[in-house]
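Engineer: Start from the sequences, fold in the hints, and give me the full structure.
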Amino acid sequence: MFIKKRSGEELDSFINVVKKTAEEGVYLTDTHAHLHFPELYKHIEHHLREASKLGVERFITIGINKKDSSKAVKLAENYENIFASVGIHPHDASEFSHSDLDFFIKTFKKEKVLAVGEIGLDYFRNHSPENIQKDVFAIFLDLSVSEKLPFIIHNREATKDLIDVADPIAGKKNHGGIVHCFNGDKDLMRWALDAGLFISFAGNLTYKKAEELRDALKYIPLDRLLVETDCPYLSPMPFRGKQNVPENVIFTAYTVCKIKNTDYKNLLFTLENNINKLFNLAHAKHINY
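So the sequence shown is residues 126 to 414, counted in my numbering.
Since the hints were made in silico from the structure, they are not lab data.
Don't be surprised by glycine CBs; every beta carbon is placed ideally from N, CA and C.
Careful, some of the hints might be misleading.
Straight-line C-alpha distance at most 30 Å; calculated DSS-like pairs for lysine-lysine [what the hints assert, rightly or not]:
no., residue 1, residue 2
1, K237, K144
2, K297, K285
3, K259, K285
4, K390, K311
5, K285, K191
6, K178, K402
7, K237, K273
8, K367, K402
9, K178, K167
10, K231, K199
11, K231, K298
12, K311, K402
13, K234, K402
14, K343, K383
15, K231, K297
16, K237, K199
17, K234, K298
18, K402, K285
19, K231, K167
20, K367, K167
Here are the simulated distance ranges between beta carbons [stated by the list, open to error]:
no., residue 1, residue 2, range
21, D312, H171, 35 to 45 Å
22, R174, P254, 41 to 51 Å
23, S219, E135, 38 to 48 Å
24, P293, N391, 17 to 27 Å
Structural biologist: This is the structure:
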């Protein structure tokens, strides 16, 4: 299901397929990365070049609070093939002030901003109180509706409350959205599919003990799938334990191919169609760095 070693015949064979697919002009998008975070930003040109060698040609860099969202937009405005999403991560919900609304409303109107997020609930770490998380989540869902933008949802151990907050606001009247870094929660999967949302898989899909997550993938239609790195976090096999980088999205795509019994090029066509449908973007094109 996943490539276990950092060298060997299976890896070499897959990389050959990846490079051949890129040579044929079929590219891949990392739909959720944090390229503006310091550990990636300081070597951004290198990371974009290495990703391009493997046909990863478009990126969405995700803001997690007001200051961070500004950095995401600034980076996106400097590169043709980087786009941004801006919002308040549940960890940072306590930092949000209603006086920040003007900033976000203006920022949502910028050309390179594609979505509202990441937003949501996280009861695993509880860096912000649950009631504040829910209030801020609801505010940004309302903004996604009023600004006619898709949203990007983060959920960790908060499914019931997340659905209770989201469904009345965006369950049926949304402008599209993504459940990012899906964790295999079947209740969330059913709600997301019923609401017409996309479900995105990250590097944890490749982990040895992620059988429940891989089992959930079997039930999600290809035309509702996306892939991401969430870099610099969640490095996939065979690079688990190292800092994640944009090019590693190919390993999540590889695992999707194995589980969904489809070839790599066909999957990439489908993923790019999904992205174009959600964000109304032209297909990725090769960028020379």
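Engineer: Run every hint past the structure and note whether it holds.
Structural biologist: Cross-check of the supplied hints:
no.	hint	in the structure
1	K237 - K144	holds (28 Å)
2	K297 - K285	holds (17 Å)
3	K259 - K285	holds (12 Å)
4	K390 - K311	holds (28 Å)
5	K285 - K191	holds (27 Å)
6	K178 - K402	holds (26 Å)
7	K237 - K273	holds (15 Å)
8	K367 - K402	violated (33 Å)
9	K178 - K167	holds (20 Å)
10	K231 - K199	holds (14 Å)
11	K231 - K298	holds (22 Å)
12	K311 - K402	holds (24 Å)
13	K234 - K402	holds (19 Å)
14	K343 - K383	holds (10 Å)
15	K231 - K297	holds (25 Å)
16	K237 - K199	holds (9 Å)
17	K234 - K298	holds (20 Å)
18	K402 - K285	holds (28 Å)
19	K231 - K167	holds (28 Å)
20	K367 - K167	holds (17 Å)
21	D312 - H171: 35 to 45 Å	holds (41 Å)
22	R174 - P254: 41 to 51 Å	holds (43 Å)
23	S219 - E135: 38 to 48 Å	holds (46 Å)
24	P293 - N391: 17 to 27 Å	violated (38 Å)
The structure fails to meet hints 8 and 24 from the earlier list, while all remaining hints are met.
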